Amino acid sequence: MFRLARTVGIKFLVANRVPLAVLDLVLRLASAAALSPAGRYRFLLAGIHPRSLTTTLRRVRRLHDWPRAWVRAAHDYLLAAHERAVAGEVRLAAEYQRVAALCYHFAHVLALGDHRYRQQLYTSAVRLFRAAAPHLERPILPIEIPWHGIALPGYLCLPSDRPAPVVVFLNGASTVKEEMIGWAQPFLERGLAVLALDTPGSGEIADSVPAAPGQEDVGWAIVEAARTLPGVDPRRIALLGVSLRGAYAVQLAHAVPEFAAAVAVTAPFDPQPYVGALGELVRHDVALAAGVTPEDLPRLAPTLSLEPIAPSLRTPLLVVGAGNDLVVPPSESLRLYRAAGSIKHLLFFERANHVAFTHLEQWTALAAAWLAVMLGV
Numbered sequence: 001m002f003r004l005a006r007t008v009g010i011k012f013l014v015a016n017r018v019p020l021a022v023l024d025l026v027l028r029l030a031s032a033a034a035l036s037p038a039g040r041y042r043f044l045l046a047g048i049h050p051r052s053l054t055t056t057l058r059r060v061r062r063l064h065d066w067p068r069a070w071v072r073a074a075h076d077y078l079l080a081a082h083e084r085a086v087a088g089e090v091r092l093a094a095e096y097q098r099v100a101a102l103c104y105h106f107a108h109v110l111a112l113g114d115h116r117y118r119q120q121l122y123t124s125a126v127r128l129f130r131a132a133a134p135h136l137e138r139p140i141l142p143i144e145i146p147w148h149g150i151a152l153p154g155y156l157c158l159p160s161d162r163p164a165p166v167v168v169f170l171n172g173a174s175t176v177k178e179e180m181i182g183w184a185q186p187f188l189e190r191g192l193a194v195l196a197l198d199t200p201g202s203g204e205i206a207d208s209v210p211a212a213p214g215q216e217d218v219g220w221a222i223v224e225a226a227r228t229l230p231g232v233d234p235r236r237i238a239l240l241g242v243s244l245r246g247a248y249a250v251q252l253a254h255a256v257p258e259f260a261a262a263v264a265v266t267a268p269f270d271p272q273p274y275v276g277a278l279g280e281l282v283r284h285d286v287a288l289a290a291g292v293t294p295e296d297l298p299r300l301a302p303t304l305s306l307e308p309i310a311p312s313l314r315t316p317l318l319v320v321g322a323g324n325d326l327v328v329p330p331s332e333s334l335r336l337y338r339a340a341g342s343i344k345h346l347l348f349f350e351r352a353n354h355v356a357f358t359h360l361e362q363w364t365a366l367a368a369a370w371l372a373v374m375l376g377v
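With this note's numbering applied, the sequence shown covers 1 to 377.
Because the hints were derived from the structure by calculation, they are not lab data.
A quick note: this is a predicted structure, and the numbers were derived from the prediction, not measured.
Here a beta-carbon is modelled for each residue, glycine too, at the ideal position from N, C-alpha and C.
A few of these clues could be false.
[To be verified] Quick list of the computed label-pair ranges, beta carbon to beta carbon:
(1) GLU280 with THR54: 23 to 29 Å
(2) GLY276 with ARG72: 35 to 41 Å
(3) ASP114 with VAL22: 34 to 40 Å
(4) PRO273 with THR54: 23 to 29 Å
(5) GLY191 with GLU280: 41 to 47 Å
(6) LEU346 with LEU25: 21 to 27 Å
(7) GLY276 with ASP114: 23 to 29 Å
(8) GLU258 with SER305: 48 to 54 Å
(9) LEU334 with ARG299: 37 to 43 Å
(10) LEU334 with ARG314: 17 to 23 Å
(11) GLU350 with GLY191: 28 to 34 Å
(12) GLU350 with GLN119: 36 to 42 Å
Produce the complete structure using the sequences and hints provided.
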């Protein structure tokens, strides 16, 4: 136990030992409005108004309330979207509908124990976002990448100057392309296109195609599809993955030398020592992405390790770490940085949480600047 504590950190262990029953008790006493400013930041970045966020969190008095509270918030935004559409304000209506879609996404993340309801919530998010995307102030284009007889769905956002190098965003276990495409602005300002993509185990194909070892050929599918994407320079492609897909970005970059650079944000390096210590909610998300039960995760953990491939990586790598990460131990980013055999750079935010949501504006701006150099913009 002492060795594990030294590996992952006491704060990580304590946070992941809190059972759901205790979390439910806290919600009954204080509601989700007790969520810290750091915990709220992700929702604010998505466009949720602070008053709307506080109202929504106050409605959550137990975990079971979470989806319904967010669906109610989505309905409020849809009503606002309808009023703006009637007034002829098409772009503002589309923006309200985009936020409503993300409310459905946030609802589905904690729809525990009812997988069908979870699917319905995310289907609503997909439908609303897709309808709004072409009408936003900066239009977002739906695209599909063929892979093994199926289509990997994504959203493409283009800068003014074209053809442009492209950065492919890869979802974490609880993020989706509809949320991540909202992080595109710093990259667009640097002349980089952004493609937010659902890969196996994420987004629209999460239930039909789980993540599994040996799926590195998704990288070749991306490279091939880039030749036909509008406004994109297919010779200059980079990857940016968060959390679980941060490790996947490294795996793809190792397998496909055509990628010019990779960014791994709060990625696991070798989860074998601590996978059994993960909290129930995290294990639930990771197991869903992998199409296994939470009890199977220790068996799957060795296939997620980057230890065998990091020393032979030749693709330039930017590692983003977070000192207050309670999902992936902060030491994992440091281990990845030290092990990588390529040109590498480390951004470590001592006070940031998982995916560095609290510092998202800072790390995306720095990552965009670094990628612009790597991609020759």
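Taking the hints in turn, this is what the structure says about them:
| no. | hint | result |
| --- | --- | --- |
| 1 | GLU280 with THR54: 23 to 29 Å | 26 Å, holds |
| 2 | GLY276 with ARG72: 35 to 41 Å | 37 Å, holds |
| 3 | ASP114 with VAL22: 34 to 40 Å | 22 Å, violated |
| 4 | PRO273 with THR54: 23 to 29 Å | 39 Å, violated |
| 5 | GLY191 with GLU280: 41 to 47 Å | 43 Å, holds |
| 6 | LEU346 with LEU25: 21 to 27 Å | 39 Å, violated |
| 7 | GLY276 with ASP114: 23 to 29 Å | 26 Å, holds |
| 8 | GLU258 with SER305: 48 to 54 Å | 24 Å, violated |
| 9 | LEU334 with ARG299: 37 to 43 Å | 26 Å, violated |
| 10 | LEU334 with ARG314: 17 to 23 Å | 21 Å, holds |
| 11 | GLU350 with GLY191: 28 to 34 Å | 31 Å, holds |
| 12 | GLU350 with GLN119: 36 to 42 Å | 38 Å, holds |
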